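Protein chains: 2
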Amino acid sequence: MEVVFLGTGAGVPSKERNVSAIALSLLQEQNSVWLFDCGEATQHQILQTNIKPRKVNKIFITHMHGDHIYGLPGFLSSRSFQGGNNPVTVYGPKGLKQYIETSLTLSETHLSYPLSFVEVTDQMIIETEHFQIYVQSLDHGIPCFGYRVVERDKPGELLVHKLKKMGIEPGPIYKEIKENEYVIVPDIGTIYRKDVVGEPKRGRIISVIGDTRFSKLHRKLANHADLLIHEATFGKDKQNLAHRYYHSTTLQAAQLAKESNCKRLIITHISSRYQQKENEQLLQEAREIFPNTELANDFSKFTIT
Amino acid sequence: MEVVFLGTGAGVPSKERNVSAIALSLLQEQNSVWLFDCGEATQHQILQTNIKPRKVNKIFITHMHGDHIYGLPGFLSSRSFQGGNNPVTVYGPKGLKQYIETSLTLSETHLSYPLSFVEVTDQMIIETEHFQIYVQSLDHGIPCFGYRVVERDKPGELLVHKLKKMGIEPGPIYKEIKENEYVIVPDIGTIYRKDVVGEPKRGRIISVIGDTRFSKLHRKLANHADLLIHEATFGKDKQNLAHRYYHSTTLQAAQLAKESNCKRLIITHISSRYQQKENEQLLQEAREIFPNTELANDFSKFTIT
Ligand SMILES: [Zn+2]
Ligand SMILES: [Zn+2]
Chain A
4 MEVVFLGTGA GVPSKERNVS AIALSLLQEQ NSVWLFDCGE ATQHQILQTN IKPRKVNKIF
64 ITHMHGDHIY GLPGFLSSRS FQGGNNPVTV YGPKGLKQYI ETSLTLSETH LSYPLSFVEV
124 TDQMIIETEH FQIYVQSLDH GIPCFGYRVV ERDKPGELLV HKLKKMGIEP GPIYKEIKEN
184 EYVIVPDIGT IYRKDVVGEP KRGRIISVIG DTRFSKLHRK LANHADLLIH EATFGKDKQN
244 LAHRYYHSTT LQAAQLAKES NCKRLIITHI SSRYQQKENE QLLQEAREIF PNTELANDFS
304 KFTIT
Chain B
4 MEVVFLGTGA GVPSKERNVS AIALSLLQEQ NSVWLFDCGE ATQHQILQTN IKPRKVNKIF
64 ITHMHGDHIY GLPGFLSSRS FQGGNNPVTV YGPKGLKQYI ETSLTLSETH LSYPLSFVEV
124 TDQMIIETEH FQIYVQSLDH GIPCFGYRVV ERDKPGELLV HKLKKMGIEP GPIYKEIKEN
184 EYVIVPDIGT IYRKDVVGEP KRGRIISVIG DTRFSKLHRK LANHADLLIH EATFGKDKQN
244 LAHRYYHSTT LQAAQLAKES NCKRLIITHI SSRYQQKENE QLLQEAREIF PNTELANDFS
304 KFTIT
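Same order as they appear, the protein sequences are chains A and B.
So the first sequence is residues 4 to 308, counted in the working numbering.
So the second sequence is residues 4 to 308, counted in the working numbering.
Mixed in with the good hints, there may be bad ones.
Copies of the same chain look alike in the list, so a pair counts if it fits in one copy or across any two.
Stated by the list, open to error - Computed cross-link-like contacts, DSBU-like style, restricted to lysine-lysine with a CA-CA straight-line distance of at most 30 Å:
#1 Lys-58 / Lys-18
#2 Lys-178 / Lys-261
#3 Lys-55 / Lys-241
#4 Lys-18 / Lys-55
#5 Lys-266 / Lys-280
#6 Lys-55 / Lys-280
#7 Lys-97 / Lys-266
#8 Lys-219 / Lys-55
#9 Lys-280 / Lys-18
#10 Lys-239 / Lys-157
#11 Lys-219 / Lys-266
#12 Lys-58 / Lys-165
#13 Lys-100 / Lys-58
None of these hints come from the bench; they were simulated from the model.
Remember, predicted model here, so these are calculated numbers, not experimental data.
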């Protein structure tokens, strides 16, 4: 599980930061990549990475502001042009389907793969084979959603040493034991799975909190996340400005991470008013409250173990 | 008058070439810049140049394919965000207005300047103070237009040495002479303007021929152009492919330049199948027919004197 930041700026692209997009690489888990937001030139940013557009099969949009969606028609078209055949589902607020369909239709774009849309709403739960995604409304002036991606717990591994001790040697019987509540092994007896498997592996949790004012209500999204990705458009001294424009500060992002007992925080969506040399200060503001914080730059990559 | 190529690729962006956009800088002539096409990430390309988005007041779109229009919503939004106040007019085929308005409306974008639309049709003439723009249909499978930009002729300069010889010294009288057919100068007599001004300065002609199959009909657009910008998606050996996909070859672009007595040809819209090292060969193919040819790369700049 790897997070790649494709665009970490706010509102407009700058030379340093493109507009919003985050890739969640689940290649090991399920051979696919998910996108969160898709600002203009996301496909251009992807060209600089090893992400293959045809592997992207889900796109989650936080809200309809242009800096979060204007890259969608181009990304979807180029994915088709490059021979992507497997389906894509786009999740996002009302209006997203109309935006994409109008763009594709008027540009006479005919996709080589099925494209479907899911209109998200507050408190929705999206179920996939390996993940549950909880959707919650944020506070951004227009409909805007946070996504809490929860990996399903994995059953524990077979305790081979224990089985061997009981006289059960590796073979097809191991699969039987792992897949059933109990198995009767000739000459040995009834083996209960719970006795011969280790602890189930807790699924990882990643929370993506898009553009929003700070709110304690977002603890529900962030609670015990292994990784919280939170916007921090402004520095801590700009709390009024952040509030007025429905955004958050470095300090507020850190506060949510702390109050939600997150393991790690990454702040992104940095205003273009901040120069590269100010990144360190923004980061320190957050670390004062929540030490395990990083500030994302375009192409920053983080592994979640 | 300067032409800056912002995107010179075909269909999809590559690491070498962005999708289509050309800036015609008329800063000296009228303190503005015009765009021809606006593929995705045109605003990103502009960030790498000295072009100011607020100076762009006309955008001409050749056709509705995504690689020619997907940068419009972002460019128009960012121009607003960066404080552009003066109006913009967008010229292009039917559907363009709906595309832009849908994108801006659904993304809740409120522009800081008036935006108007002109739906172009075959044989239309667009009149501006310093230019006439002739519009002609191309052959690209969907409605597609070429633009012939003709600078209005400028009246000749006053022949100062001649006036002085006649005993007329510089002063307000010079303006009188320049602005009237004749002026009666006390003690000297009737001065006819035609006798004391030089040759009128012929306006320059730039033809932008977007995606199209080759056609002799396009001579009307290209005729005696100081600069012909023509697509050359394919090399000369791919004429069948070019025909099938409604595109042109290097050789065909050169042929039109030659038959139309153009002064200079620039080929662009190069397929991503060609690597950088093949540029020289593509260029030579065109030069065999029309020696004064250049092949555009992203950020190539040409001055038209
Ligand atoms: Zn926003
Ligand atoms: Zn085209």
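Verification of the hints:
1. Proximity of Lys-58 and Lys-18 under a CA criterion of 30 Å is satisfied in both settings, with 28 Å inside one chain copy and 20 Å between copies.
2. In this assembly of identical chains, the alpha carbons of Lys-178 and Lys-261 never lie at most 30 Å apart, being 42 Å within a copy and 75 Å across copies at closest.
3. For a Cα distance limit of 30 Å, the shortest separation of Lys-55 from Lys-241 across copies, 29 Å, qualifies, whereas the shortest one inside one copy, 39 Å, does not.
4. For the homomeric pair Lys-18 and Lys-55, the shortest alpha-carbon distances inside one copy (24 Å) and between copies (14 Å) are both at most 30 Å.
5. Taking the closest pair of Cα atoms, Lys-266 and Lys-280 come within 30 Å of each other only inside a single copy of the chain (27 Å); across copies the shortest separation is 49 Å, beyond that limit.
6. Proximity of Lys-55 to Lys-280 under the C-alpha cut-off of 30 Å is restricted to the inter-copy arrangement: shortest distance 25 Å between copies versus 32 Å within a copy.
7. For a Cα distance limit of 30 Å, the shortest separation of Lys-97 from Lys-266 qualifies neither inside one copy, at 33 Å, nor across copies, at 53 Å.
8. In this homomeric assembly, Lys-219 and Lys-55 never come within 30 Å of each other (Cα to Cα): the closest approach is 37 Å inside a single copy and 42 Å across copies.
9. Proximity of Lys-280 and Lys-18 under a CA criterion of 30 Å is satisfied in both settings, with 14 Å inside one chain copy and 28 Å between copies.
10. For the identical chains of this complex, Lys-239 and Lys-157 are neighbours neither inside a copy (40 Å) nor across copies (58 Å), given an alpha-carbon limit of 30 Å.
11. Within a single copy, Lys-219 and Lys-266 get their C-alpha atoms as close as 18 Å, which meets the 30 Å cut-off; across copies the closest is 68 Å, which misses it.
12. When the C-alpha separation of Lys-58 and Lys-165 is checked against a cutoff of 30 Å, the pair qualifies neither within a copy, at 40 Å, nor between copies, at 76 Å.
13. Proximity of Lys-100 to Lys-58 under the C-alpha cut-off of 30 Å is restricted to the intra-copy arrangement: shortest distance 21 Å within a copy versus 34 Å between copies.
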